[in-house]
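K.L.:
Chain by chain, the residues run as shown.
There are 2 protein chains.
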Amino acid sequence: MEPVYVIGSGMTKFGVLKESLIKLAEEAAVGAIVDSQTAELRFDRIIVGSQNPDEFSGIGHLSTMLADRLGIVPCGGTRVETGPSSGSSAFEVGFSLISSGLSDVTLVVGVEKMCDVERGTASKILSRMMSYQCETRYGGTPAALAALVARRYMHDYGLTRDELSLVPVKAHRNGSKNPLAHFQKETTVEKVSNSKVVASPLTLFDCSPTSDGSAAVVLASRQVVQELGLLDSSAQVIGIGHATDYHAVQHRLSLTSLNATVEASQAAFDMAGIGPTAIDVCELHDAFSILEIINMEDIGIADRGKAMDLIRNGLTELGGPVSVNPTGGLKARGHPTGATGVAQIRDAFLQLRGDAPQDLQVDEPEIALTHNIGGFGNNIVVTILRRP
Amino acid sequence: MEPVYVIGSGMTKFGVLKESLIKLAEEAAVGAIVDSQTAELRFDRIIVGSQNPDEFSGIGHLSTMLADRLGIVPCGGTRVETGPSSGSSAFEVGFSLISSGLSDVTLVVGVEKMCDVERGTASKILSRMMSYQCETRYGGTPAALAALVARRYMHDYGLTRDELSLVPVKAHRNGSKNPLAHFQKETTVEKVSNSKVVASPLTLFDCSPTSDGSAAVVLASRQVVQELGLLDSSAQVIGIGHATDYHAVQHRLSLTSLNATVEASQAAFDMAGIGPTAIDVCELHDAFSILEIINMEDIGIADRGKAMDLIRNGLTELGGPVSVNPTGGLKARGHPTGATGVAQIRDAFLQLRGDAPQDLQVDEPEIALTHNIGGFGNNIVVTILRRP
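Chains as they are written, first to last, in this note's numbering: chain A, 49 to 436; chain B, 49 to 436.
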């Protein structure tokens, strides 16, 4: 397999923003082009990960519109959609285009503009990614499914409400130091446990927000990286895994494990030739607090039922053996769905390059992993990067 | 670049159909799996090309839903959207996944279900792929843009209304022999020239219909093809080109040429190491009759301003030096947008394998080309296949 490198990245602030979908994508893309010193190169492809640009912003054919606005015509444009994993799926497509030889330099942009529509409308648009027959028509929502998972995990492994609150507390602590995060304010176990219930036992602070934002990375072949003299400041993509699960949660074998994570992370590890103990820093899809726990166990960072031990003992904090969501995760960084996967990869890339935000930089990490969920575990992409 | 093969295909009838989006996609996919003898293999990836499943059918996360319904979980699922070129863009992604080594067997499905919504709604949904600032807000539609192109071509090259009618007449003649075509009825120059004007000089018969339908192909690596013993009945993908153009037609240098076609076909020819004279059979994106003429010239099948000479002299008919749209093209086969690109590739594949519909089979073609447009020339994908 021909090697592929991340050579630069850009990102907007995440949050409730006034800029348009296109403006956000432009800002992240231009940031990535400048950061990767590729402004004078000819891009072969632009891949845009975005879940619902038509519905949220009334914009179709987003990839070619962006190619136009960025002045990179006739660069081939493609939009990729896999629900909230659209960003990492776009990255996978970018990887395969470079590795296959179809492209030498590809721009991958993740973007979502969710806060222009009324709150109820956003939920309605997003609910289309779930099973209508088994979930939506009975009032099922992502938060309701996460609540089922949390209940079952509490039953099986004795997790308490206050223990679970440690996850958002860590996320907010990290987010408070991330200048691009949606939430930059610390919180406490008391606040998380006692805030408004969204779906019992989950409260408002267990749930990632609805956000606007965009992130972008530039991918290149080894030859381009060498020509640009960027081998020392790039990160190699050494593993990609991608798996699905049955669409309706009730058709799955377990509530406390997402099998697509197990499959995707195993595939990524196999490709990289490493195991979970090699991970120094990771960005996991904590759309709901309980998912950070489940994800750690499915990936193999923690034994089954034991993830809470690591969190309770601070082992997933900055400076611990494995830093989990050092830039705030979906909970604090925010969750503009199509942008999230690319933002995770950008944050991992900056960690490996030593350019993470001040106070959030892990000490010389070698291996970074990202994990991005589409639907409620319907689709999962795991990516592993290695520092130069 | 690692070789990639098309080893099987499936397709539904195109037309105004009662089956749901999912049902259509299932039918085409199962057809392709059976045809490729891969029912017992483990698919790595499913790539779905579909333009607007959320808006037309209220379905999100289509790729994982299909993986579920086809029983191929945990196969990684991705939806690709590039307007009406979504099908060939999905094929490009499938190609790169196999060629990069990320996948050994990939199922590519193109599908669109457009006829469930009211006529005005469909146009409104599709118009999002155009430039709002420069086109849609002034009442611009794809047909209006095609009319501008036709007018200009008539002015520049002396094309007459009745000559232009020869294009739909050929499409309908071929479609009348294609059991899966939307329209299976011949027409005449008189009928085309004198039917209802959609956007002068174009009439109803110059425009492809709004259709439902799905097509699918199975892609595999050389190793899998050899293991299945299918080398003699597969087609190798020897060229792929993909290019964009400025979003608004008024920003382009020419009205009578789509530069993205020039760029994409040149890239595909470069990759294949052949030129336009090598093409035995091709499926071109004739969403409007004038486009078949423009496309032939942009690809290099005809000299600039001379495509009509080939058509008038029957040289693009079955049995001529290059058969153009032998299965009816978008005009007669129909145009369920996301399905079209995959249907073109399927039809090209069947020609190379010698399995085209009776009376439509070209005599032992070696090289087939497909050409698929997204937006009004915003995005173009050209694919070249070679018989075993």
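No lab work stands behind these hints: they were computed from the structure.
It cannot be assumed that every hint is accurate.
One copy or two, it doesn't matter: identical chains are merged, so the pair holds either way.
[As the list claims (entries may be wrong)] Straight-line Cα separation of at most 25 Å, SDA-like style, residue types lysine to any residue; simulated pairs: (1) LYS71 with GLU275; (2) LYS61 with ASP204; (3) LYS66 with ARG435; (4) LYS172 with SER105; (5) LYS244 with LEU363; (6) LYS71 with TYR186; (7) LYS61 with ASP210; (8) LYS172 with SER68; (9) LYS354 with SER171; (10) LYS66 with GLU88.
Keep in mind the model is a prediction, meaning the values are calculated, not measured.
K.L.:
Next step is simple, just say for each hint if it's right about the structure.
P.N.:
Right, here's what the structure says about each hint:
1. LYS71 with GLU275: Answer is neither; intra-copy 31 Å and inter-copy 50 Å both fail.
2. LYS61 with ASP204: neither (39 Å within a copy, 51 Å between copies)
3. LYS66 with ARG435: Result: close neither inside a copy nor across copies, 35 Å intra and 54 Å inter.
4. LYS172 with SER105: Classified as both: same-chain Cα gap 15 Å, cross-chain 14 Å, threshold 25 Å.
5. LYS244 with LEU363: This pair counts as neither: shortest intra-copy Cα distance 29 Å, inter-copy 73 Å.
6. LYS71 with TYR186: Answer is between: at 23 Å across copies they meet the 25 Å cutoff, but 38 Å inside does not.
7. LYS61 with ASP210: neither (30 Å within a copy, 58 Å between copies)
8. LYS172 with SER68: Both, since 21 Å and 21 Å are each at most 25 Å.
9. LYS354 with SER171: neither (33 Å within a copy, 54 Å between copies)
10. LYS66 with GLU88: Neither: 30 Å inside a copy, 51 Å across copies.
The structure is inconsistent with the numbered hints 1, 2, 3, 5, 7, 9 and 10, although it conforms to all the rest.
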